[in-house]
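Using the sequences and the hints, build the whole thing.
Keeping their order, the protein sequence lines are chains A and B.
Here the first sequence stands for residues 1 to 316, where the numbers follow this note's numbering.
Here the second sequence stands for residues 317 to 608, where the numbers follow this note's numbering.
If a hint is listed, it holds; no wrong ones were tucked in.
Covered stretches of chain B (in silico footprint by chain A; criterion: 3 or more residues with CB under 8 Å from a CB of chain A, positions within the stretch not fixed):
#, region
1, 320-329
2, 389-403
3, 599-607
Label pairs and their in silico Cβ distance ranges:
#, chain 1, residue 1, chain 2, residue 2, range
4, B, Arg331, A, Glu219, 52 to 62 Å
5, A, Glu178, B, Val341, 52 to 62 Å
6, A, Glu178, B, Thr596, 44 to 54 Å
7, A, Ser60, B, Gly489, 31 to 41 Å
8, A, Asp179, B, Val381, 46 to 56 Å
9, B, Leu373, A, Ser60, 51 to 61 Å
10, B, Phe327, A, Asp16, 42 to 52 Å
If you are wondering where the hints come from, they were derived from the structure by calculation, not from laboratory data.
All residues carry an ideal CB built from backbone N, CA and C; glycine is no exception.
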Amino acid sequence: MPAIETQGLTKEFGEDVVAVENLDLTIESGEIFGFLGPNGAGKSTTINVLLDFIRPTAGSAEVFGLDAQREPAAIRERIGVLPEGYGFDDYLTGREYMEWAIETKDADDDPEALLDLVGILGEADRTAAGYSKGMQQRLAFGMALADDPDLLVLDEPSTGMDPNGIQHMRSVIRDRAEDGTTVFFSSHILSEVEAVCDRVGVMNEGRLVAMDTIEGLRENATGESTIELECAAPPSPDGVADIEGVADVTVAGTTLTASCTDPAAKVDVVRHVDGRAEVVDILAENTSLESLFNQYTEGGRDAEEAVARETREAST
Amino acid sequence: MSALSVARKDFRGARRSRLLWAAAVVLGLIAAFAAYVSGTSGQSADLVRRLFRLLTLVLAVLLPVVALVASYLAIAGEREGGGIKFMLSLPNTRRDVFVGKLASRLGIVAGGIVFMYVAAASVALTRHGAFPAGVVFGTLVLSLVYGGTFVSIAVSLSAAAASRSRAIAGAFGSYFVLVILYIFPVVQIPTMVRWVHTTLLGADPNPDLYNAVRYTSPFLAYRKSINLVMPADLRQTVFRSSLPADTSLDTGQVNAALPVYLSDEFSLVVFAFWVVVPLTAGYLVFERSDLE
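Encoded structure:
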């Protein structure tokens with residue numbers, strides 16, 4: 001049975017905002033799944049439907065075969081959640097919050113051990129509302145871990161955390177996954193997903209635009225790679241553009257830059273230029289997952305805004 | 317029972333609220349002061365009964381404020397502040413959150429009322445050496461019901477409101493509509509109804525109708541319900557205009573002379589309405605809403 005399954009999931013807000021459109025998503029038990037996409041892509045909306053914070057306009061969402069709308073309590077028994085947009089606004093200490101989570105889950109975890117695991121045992125007796133964002137995130141993560149859930153749902157878990165905290169959280173996630181916990185986590189940061197996930201789904205504007213392993217995504221990359229040759233004297237671009245697999249050539253000062261649609265063409269560019277000028281430095285860049293991500297998401301909302309801005313500027 | 321765990325957490329948090337403690341102290345001081353200055357001439361048990369009748373007059377206006385202030389953020393505050401994300405990530409249902417919050421706020425307001433009663437009763441006992449248990453416990457129970465009615469209204473509004481500001485507007489609006497409009501002399505609800513009835517519809521004045529409309533307020537229901545636990549000579553005559561001309565106001569006959577829907581006993585129906593209807597509506601809205 002899949003840990004998470006959505007079919008034709010659609011959520012509209014009001015008349016014209018489609019947050020999630022016809023989403024079919026299946027996450028198998030035991031995998032670490034990265035849910036990737038720019039801000040506003042529909043990741044949190046999807047998670048909020050799975051947790052029954054919001055109700056879908058159409059389609060269904062199931063967790064461990066349980067319908068998210070009909071059996072939310074049974075689902076919550078089996079999952080640990082680090083939600084988005086939470087707040088510690090009661091007059092309670094970190095320890096009391098942790099005890100409350102353990103008590104509500106009817107678990108027998110030791111609050112001290114969990115607080116220690118997420119690195120805030122020393123601050124346990126302070127009011128959680130006064131914690132820094134990073135510490136609150138640690139506490140929320142610790143609360144999600146209580147009762148050793150079958151599924152961890154983490155919405156943008158690294159928000160506000162320092163690099164040490166992120167690294168520590170990753171290793172905890174890996175440990176839990178090794179013990180059989182399914183992990184579903186969303187992020188807008190690719191490197192984070194890359195570091196822990198078995199498989200990723202890329203969301204953009206409410207649609208799932210890619211779903212593969214990291215390697216699979218890399219192989220499917222159709223992006224261009226570039227090579228930069230730093231020469232002793234200004235090189236001549238003549239003939240470089242004729243090499244098969246080279247799309248574009250530019251020369252700026254003593255630097256020649258060639259964009260290649262075929263990564264193998266880079267070697268030919270080096271041979272060609274080296275025969276005619278003295279090459280002093282070489283810088284090659286392969287398609288990164290980042291640019292792949294940008295390809296899938298077309299830069300997300302930022303790109304759209306940039307286009308809109310340009311259009312506005314052009315019309316004035 | 318996870319409603320219990322929601323209630324326990326809410327109660328634990330509220331216990332540390334300075335505002336709530338300050339409110340309890342002020343209520344206690346008001347009660348103690350009223351008890352201290354209560355008259356000296358006359359039979360002591362009767363003086364204490366009069367004191368508690370006075371206390372209910374104060375509570376009639378004050379208790380809705382206390383209950384609304386203590387409860388209007390119960391759920392809306394969690395929604396705006398994000399606390400509800402944790403509650404509903406843990407094995408709680410929305411019903412648990414609703415019931416738990418209601419129970420906790422009922423407990424807090426009940427605690428305030430009991431505190432006030434302890435203050436009043438102990439000062440009265442020291443000064444007059446009397447403890448008319450029937451009146452003290454009778455008015456206490458009715459005050460708890462009255463306070464509970466406004467807690468129900470406020471929690472329901474809080475559950476239906478998506479934000480803090482709407483919850484504030486709802487609490488303020490309900491106090492205005494349910495209390496102020498019945499005590500402020502110029503723009504009273506019955507006056508408006510009379511105007512619509514006689515001027516717009518051109519009908520003959522019908523005092524029973526206007527009184528029935530007035531009786532829809534928990535504020536009047538509370539004042540009438542107090543008659544149920546007071547001895548005959550301390551009862552208040554509320555709907556004078558519905559009494560036959562020959563009824564003696566001084567006897568215990570007033571209540572019997574009124575139609576059933578204006579009787580003192582009917583106040584319990586009014587309370588029940590204001591508990592059940594808002595809670596049902598508030599819960600249904602909350603159950604169906606998107607929690608962003």
